[in-house]
Structures are given as structure tokens and as C-alpha cells.
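> Protein chains in written order, with full-length UniProt numbering: chain R, 1 to 216; chain E, 1 to 216.
The hints are simulated quantities; they were obtained by calculation from the structure and are not laboratory data.
These numbers were taken from a predicted model, which means no experiment stands behind them.
One thing to keep in mind: the hints can contain errors.
As the list makes no split between identical chains, a pair holds if one copy fits it or if it spans any two.
[What the hints assert, rightly or not] Below 25 Å or equal to it, Euclidean Cα-Cα: the simulated DMTMM-like pairs (lysine to aspartate or glutamate) are:
#: 1; residue 1: Lys2; residue 2: Glu173
#: 2; residue 1: Lys198; residue 2: Glu58
#: 3; residue 1: Lys84; residue 2: Asp68
#: 4; residue 1: Lys156; residue 2: Glu101
#: 5; residue 1: Lys98; residue 2: Asp115
#: 6; residue 1: Lys102; residue 2: Glu119
#: 7; residue 1: Lys102; residue 2: Asp115
Number of protein chains: 2
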Amino acid sequence: MKVLIVGANGQIGKHLVTSIQDHNQLDAKAMIRKEEQASYFENMGAETAVVDLEGEIEPIAKAAEGVDAIVFTAGSGPNTGADKTVLVDLDGAVKTIKAAEKAGVKRFVMISSYDTTREAIQSASSSFAPYVAAKHYADEWLKSTDLDYTIIHPGKLTNDEGSGRVNAASRVERDEIPREDVANVIVASLENASTVGKEFQVVKGNTSIDDAIKSL
Amino acid sequence: MKVLIVGANGQIGKHLVTSIQDHNQLDAKAMIRKEEQASYFENMGAETAVVDLEGEIEPIAKAAEGVDAIVFTAGSGPNTGADKTVLVDLDGAVKTIKAAEKAGVKRFVMISSYDTTREAIQSASSSFAPYVAAKHYADEWLKSTDLDYTIIHPGKLTNDEGSGRVNAASRVERDEIPREDVANVIVASLENASTVGKEFQVVKGNTSIDDAIKSL
């Protein structure tokens, strides 16, 4: 299975390309913004595509041609300006969804924020609320399509080493999760068709990632 | 016909309440953010409702109870921060749409931006693009509902006195339009059921507003 990773040069993205390249049945195609980011992924044996997520849909669709799944893990994160939040977290996500449809790629895994519900928008701080709203609308857009989607809502991301163990369910108590574990949750989601049409929160826990994803 | 004006205290909003109160068949209910804005509208004989558009949906739905139409003309405008663009122009609009559905109000007139197409997002300057994208998604959301919507895309807004004459069509050449004329275009749209399910651009022109709206 060839997987296009949109946002490959991000912190989760790099872990994800590594996990995919270590996996026998999966191959990564890293979508990156700048040519100089390519060698990092090519050294792992991954294909690359240089595409500006703030540009047109067509180049994204071209990068998606022939892949079996797309993972959207690009993100301005909660600390960039709200302008990039609109243009990357919302519009970049929707353009990637449209590119998937255009390229005929049915499988789509979205890396969302821990809680993107209406309640989460209303209760967020004024600086965080625009980010939550942008992720909310990206998730809503994806759910309205015919794509085989999975939406992953990770807890507070850390750079701790992954433990391979998580707690995943539609609602879990807010906690941390290492980015490395998130990457492996994405891989497990790609491998388990039972995650299609589902969204779930995931934090660190006691269950092996495979078991946690299979039991969703 | 009772019309809830969301964003009544804005520049178009004030013209609109005036036009509606001058009209025999229409009554305005001005939705405003602050109690101290109420007297301005009450002096015109308009009802008022103090609701924070950045708050929950429920108070908006309560303000919409019993009205026959809703006009969304709230807006941070292109010059506020992108955080307010997300929370007012996009999320405030979608919450108002949901409030309309909740209150059983079918008729919904959206005051959009001159061009909110995908092409307009891509060609906008980096400072303007988030605003165009936010308005794009608000328009898209409205079009996906079962509401009897009209989406109005006015040209560059001025404070010139209205001429009562405009040029309106699905695409017109970019030009200015006085806010007072936009207000009267909204009134004409409310009066003409033929505008349901349509969106159009409007700038200053040579056709009377009634004729221009009827010929859409």
C-alpha cells in the first residue's frame, strides 16, 4: 500500500514516514513544501513530492495519483497565526480531500486535534478557539464526503519515546501521547479497515496499539 | 414579514434596519452584541436581541424564534485579525445557519464577499486570503443545507448615498456599491422568492434594484 503523507516534514510526519518505511506492506510518498526537505526522506527510500499546500488543488491531486491512501498531518499547530490556521488547517485539508477525490484515492486518514466538537470551540480560550474551529470544519468536511475516512484525535503531543501502548476510544480522558505513538496509531489505522468511517481520541495507555485500534 | 438582522449594528446592518422599518410589509429584529446599542434601533421601532455571535447557538436560535427570515450581515471585515475571521465570518455564520434550522426559519440571506470562489482564495493576497476562505466555507455550508438561501456578493462597499440602481448577475465586473444600495438589494431579495437558491454579485449600475433582482 502506497501512502501519501501530507505534512511529511512535520514532527508526526517524520515519525510516520519512518514507521511506514520500516513496514513490509507499506510505502511512503512524502509530500513536502521545499525541495531541500527531500533528501531526508529519500535517504529512507521514500518517494517525495514538492507541493505547496497553500497553492492550487491540481498539484496535490497529481501527488496523490496512484497512491492507495492519504494521511493529512500537515498543520500550523495552535501557535501560528490564525491566518495560517485558515489557509493550512482548514483550506489545506479541504484541498487535500478534494485532491483525493480527484485522484480517485478513497482512503483518507485525518490527524485532527484532541477535541473538535462544537463544545470544544465554545470552551476554548480566545487564542486557541480559531484553531479548534478550523479543525472542526476540516473534520466536518471530510465526514460529509464519500471517502473511507478515519479521524484521529490525539491528546497533548510530546516528543517522548513511543511506548507502543495507548488508550483509544471515541472519548478518553485528556492526557499526553508521544508523537511516535501517534505515527504508529496511524499505521495501525491504515491496516485495519474497521477504522473506516470512525473517529477516535487517543492518549498514552496500557493497551498495545494494534489491540487498541482493533477494538475500536 | 419579521426579519432578524444578525450584525444589525454594522454599517450595512444599520442601513438595512432603516430600510426595513420604512417598509410597510417588513419588521426588523436587530441582533446586536451590546445592550447599549439597543436604543438606536428601538428609536426606529425595531425589536432588539442582545446576543454574542461568538457564544453558543442556543441564544441565536432563541432570537430567531418566530421570525420569518434571517439576514446574516455580521462580519469582522477584511481588516480584523484572522482569529475573528474564523470565529465570526465562518463560525458565527454557521452557528446562525444552525440556529435558523433549530428555530425553523427557512429563509436565509447571506451577505458574502464579492468573490468567494476557490479561484478567489488562490489569487487573494496573503492577508486577504483567510477572509475569502472563511466566507467561502460559510457560503458552502449554507448551500449544503435545506434552507431557502440567497447569497449576495457585493462589490467594494462605499458610504456614498444609494442611487437605487445596480448591476446584478451571477458574475459582474468588479466595481463599487454604496452600502445603502446593498441594504435595498437585501430587501428586494427578501421580497422576491425567485432569489431563493441563488447567489449573485452586485455593484452600482443603471437598473433599478427591483428590476435587477427580478431579472436574476
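> Now tell me if each hint is right for this structure.
Here is how each hint holds up against the structure:
1. Lys2 x Glu173: Neither. Shortest intra-copy (33 Å) and inter-copy (46 Å) distances fail the 25 Å Cα cut-off.
2. Lys198 x Glu58: neither (28 Å within a copy, 28 Å between copies)
3. Lys84 x Asp68: neither (28 Å within a copy, 38 Å between copies)
4. Lys156 x Glu101: Classified as neither; 31 Å inside a copy, 35 Å across copies.
5. Lys98 x Asp115: both (24 Å within a copy, 20 Å between copies)
6. Lys102 x Glu119: Only across copies: lysine 102 and glutamate 119 sit 17 Å apart there, 33 Å inside one copy, limit 25 Å.
7. Lys102 x Asp115: Close across copies (24 Å), not inside one copy (29 Å); limit 25 Å.
This entry does not satisfy hints 1, 2, 3 and 4, going by the numbered hints stated previously.
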